[in-house]
Amino acid sequence: MLKLKDIHTYYGNIHALKGISIEVSKGEVISLIGANGAGKSTTLMTTSGVVPAKRGSIEFEGRDITHLPPDKIVKMGICQVPEGRRIFPYLTVAENLDMGAFLRKDTAQIKSDLDYVYDLFPILASRCNQTGGTLSGGEQQMLAISRALMCRPKMLLLDEPSLGLAPIIIKQIFSIIKKINEEHNTTIFIVEQNANLALKAAHRGYVMENGVITMTDTGENLRTNEDIKKAYLGI
Amino acid sequence: MRWINITLGLIFTGVLGFWGTREVISDPVYFLELLLGGITRGSIYALIALGYTMVYGIIQLINFAHGEIYMIGAMTALIVASVMGLWGWNSAVIAILAVVFAIVYSCAYGFTVEKIAYKPLRNAPRLSALISAIGMSLFLQNYVMLAQTPEFLPFKSLIPDFLFWEPYAHIITSVELSIIIVTIIVMILLGILIKFTTIGKAMRATAQDKVMAALLGINVNQVISTTFVVGSATAAIGGVLIACHVGQINFFIGFLAGLKAFIAAVLGGIGSVPGAVLGSLVLGISESFFTGYFWSEYEDVFAFSILVIILIFRPSGILGKHETQKV
Numbered sequence: 001m002l003k004l005k006d007i008h009t010y011y012g013n014i015h016a017l018k019g020i021s022i023e024v025s026k027g028e029v030i031s032l033i034g035a036n037g038a039g040k041s042t043t044l045m046t047t048s049g050v051v052p053a054k055r056g057s058i059e060f061e062g063r064d065i066t067h068l069p070p071d072k073i074v075k076m077g078i079c080q081v082p083e084g085r086r087i088f089p090y091l092t093v094a095e096n097l098d099m100g101a102f103l104r105k106d107t108a109q110i111k112s113d114l115d116y117v118y119d120l121f122p123i124l125a126s127r128c129n130q131t132g133g134t135l136s137g138g139e140q141q142m143l144a145i146s147r148a149l150m151c152r153p154k155m156l157l158l159d160e161p162s163l164g165l166a167p168i169i170i171k172q173i174f175s176i177i178k179k180i181n182e183e184h185n186t187t188i189f190i191v192e193q194n195a196n197l198a199l200k201a202a203h204r205g206y207v208m209e210n211g212v213i214t215m216t217d218t219g220e221n222l223r224t225n226e227d228i229k230k231a232y233l234g235i
Numbered sequence: 236m237r238w239i240n241i242t243l244g245l246i247f248t249g250v251l252g253f254w255g256t257r258e259v260i261s262d263p264v265y266f267l268e269l270l271l272g273g274i275t276r277g278s279i280y281a282l283i284a285l286g287y288t289m290v291y292g293i294i295q296l297i298n299f300a301h302g303e304i305y306m307i308g309a310m311t312a313l314i315v316a317s318v319m320g321l322w323g324w325n326s327a328v329i330a331i332l333a334v335v336f337a338i339v340y341s342c343a344y345g346f347t348v349e350k351i352a353y354k355p356l357r358n359a360p361r362l363s364a365l366i367s368a369i370g371m372s373l374f375l376q377n378y379v380m381l382a383q384t385p386e387f388l389p390f391k392s393l394i395p396d397f398l399f400w401e402p403y404a405h406i407i408t409s410v411e412l413s414i415i416i417v418t419i420i421v422m423i424l425l426g427i428l429i430k431f432t433t434i435g436k437a438m439r440a441t442a443q444d445k446v447m448a449a450l451l452g453i454n455v456n457q458v459i460s461t462t463f464v465v466g467s468a469t470a471a472i473g474g475v476l477i478a479c480h481v482g483q484i485n486f487f488i489g490f491l492a493g494l495k496a497f498i499a500a501v502l503g504g505i506g507s508v509p510g511a512v513l514g515s516l517v518l519g520i521s522e523s524f525f526t527g528y529f530w531s532e533y534e535d536v537f538a539f540s541i542l543v544i545i546l547i548f549r550p551s552g553i554l555g556k557h558e559t560q561k562v
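Going line by line, the protein sequences match chains C and G. Sequential numbering from 1 applies to the first sequence in this note's numbering. Sequential numbering from 236 applies to the second sequence in this note's numbering.
Chain G extracted, bound-state conformation (with noise of 0.2 Å):
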């Protein structure tokens, strides 16, 4: 059986290769898009899914009302920036501070979000808090239904285009370079706070033992606050650049977004930080590429197969960990 399956791998790498190679040498330039357009998406999928993959790092929950946050995110900033834009404010000013406000939002309504309908459960089946975030999901999207509007609101971009960008426009936008610069200085600074901060380091302790931690004298509560904050932070910031590149959004957009997200967390590993990163780019630009070179009416199918794969052969995802215990 062993050999079939290497010779099946290797027949089809093949072809793909070959086909791949023949595609890339006849149009370089839709290839560099293609790929360029795929990292963008992929950062986006990033943003959201370190908040999936932390939060589940940490109390082994999948908050499917994240998707919500991020939309949140997306509405304040389209709120606040129409407001100031009617005030006739600088366009620099208004977009720092539309941001700004994004992340603060989507931060209190992470951390509500916990203490309201998570911490209540912290000790009762996992099941019980599975439902517990879906039915926040669907109050916060129509929340923001009632509360708003149900149509689909222009959101005008606050990133303008760059004029020394002009000459490469037509491979990359301003908008979709900008998304890709933010994501690696998000993904630095995150990187800086999980791996060498104290309450980066508290995290990380948190999330393999709750018990020992608090026997350290860590604030377990805390900690899982923090985690939906600076989650909830980095899906703010993906729910505005987004809202940039598409140019729309309603109450509903957290949803496909945040499911996607999911499937990039689990394709990388959920409860892995780089693997959450890793797995978007990956989802990213395969889908980018599906639709480029296939059909892409199907491109919700594509990740969706993709979820379905990854759990039937690599339930752990690409850098998924096992655990070990020495006694």
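Next comes chain C alone, as it looks inside the complex (with noise of 0.2 Å):
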């Protein structure tokens, strides 16, 4: 479904990205691990096309999408979550929401899709006229999924979803992740630096060393592996 090919990435004169490769299947979920600073982040934003690849290409659903600008790699179906959740402080949660699904147009569909998110997360509905600023943390995050939710993506990226979150929800955010990946569908990549739950939750996984990947296999085996447990698992 996606697929990376030897890309590179530069900001300015820093080589983030040093030719890797990563192929996403349909329906699976992918984890990208790594350290601080190995290039995950930029990973991402490369896919989404906010920081483009100087060489290499990107392919999804068989078409090239590497010099696509950023809303038009949405249109084709590719949400991401950014490191931070970047929510829009001045805009109420429902408002937020809305601009998650900016580019649909089907009012019925997206009715109901608003339910949905709700349900998941009941407290985003209590909150709804709030302004996002004054959300907590994991509140943010939750409502930084369900707007992408809202887009209705295919594909989706998500940037360190357990980043300052209460380990209680943590684990209900990869809870909803599963779920999602399991209702809709929907092909799911994240990113993480807690290794030993971004490989639990995820089919396989890659490893990521200062711009390059290093290892590639299933997430049950990436977590047995000794090499891994040592230098991300801290067993």
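Rather than coming from a laboratory, the hints here were simulated on the basis of the structure. Please note that the accuracy of each hint is not assured.
Taking lysine-lysine and the DSSO-like style, the derived pairs with C-alpha atoms no more than 30 Å apart in a straight line are [stated by the list, open to error]: (1) C/Lys72 - G/Lys354; (2) G/Lys350 - C/Lys105; (3) G/Lys430 - C/Lys75; (4) G/Lys430 - C/Lys72.
Remember, predicted model here, so these are calculated numbers, not experimental data.
Using the hints, put the two standalone chains together into the complex.
The structure is reproduced here in structure tokens:
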């Protein structure tokens, strides 16, 4: 479904991605793990077209999207929940969700999707007229995921969904990620520092170091791999 | 130190209040005239200030060419009205068509200025875009001067003196009344646009976080263009109205009006739409009282003094926001 081939991305003179290749099939949950500054977020930003790749190609459902602007890529069905959630602080919860459905015209379907996300996260329904900036970190993460779901994405990119959240909320978020994958057959690509959690949730995983992919296997195999255990799981 | 400030403030307010009350009681009609004159003036500032504040809100640029867009609106209306006047058309038709043409031309200029002068500098340092804006302003002034005339042109009011308003016309003229009413209508429409429509929400979202807006499929360039077009349209309406009020225009009217509206936008809190309206009314009314009760020659000095005082004591303006972000 999504194919990154030999992607090179630069920030000015900094060579952030040094020829990475990733392949994601429909309906999969994929995790990308790695240390700070390995290039995980850059991988997502390059896929979304915010930081365009200098070399290499990105293919989505057989179409080349390497040089498309971000809004065209969203139109094709890839939606990202970026690092730090980036809720619109002065828009209300309901308006934030409206913006998720910006490209859609099917009013009736949008309404039922809205009920669906309010059902997933009832706290959002009770806060629908509050501005986004007044929510707690966990609520903002729920809103960020809901907003992306309002896009009706074929593929959901999640950047550090666990960042700064209490363990109980993290658990809730990951169970909902799983639910979204199972109920809508949405392909999910998670970037995480919390390697254990991310690999547990994923069908397959990639390990990234200094801008290159160093290892790939099923989530279970990576989790039991001795090197990974030492480097990322702290066991 | 704090109690000194409070005491001084109280004494100042008390003296002003006492003196003001005496003036109002001694000549209430004059007071009312000044107040309504101030609201009229503030309405015009508001129509221009909206463009400044909306553009600042979305790309953090002070669009110094905005005053020229307003001048172009007035010029277009003058040309259209003169030509149609020669054809002997009905004056109501002329007024409507003149305003429509003014809006269309101003929007086209606003749109083009953004594409030529600001879009290529989107990722450049902010100073570059500011210099580009000043350059654009000078260019448009001189372009209109060369293409039209450096002289003042008489502008025959497009708004007739309403008969039913005759008894009150000594307090506020038909033109002033129309200015206030049109401004209120424009504000309400704009409020609806920004608050409730999808493009309005997209404008606010883009102003808050451009990358996130793009990640939700919003075409950021299109939203920015729309902002310039909307701002230009309100400025054009302001240009036509003020031309009817003053009765003459030239290529330079945009300069001072633009600066005053800019002061109003800063006073209200640049980037805030309600702030621009409030700042404009406060500036217009206080200017009107200042010229009416003190010295009319120092009108502009007064406005710029307000700018300096605001920048020293409350740089974020009356309704300015403080950024807070949660991690």
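Structure versus earlier hints - violations, ascending order: Hints that this structure does not satisfy do not exist here, as all of them hold.
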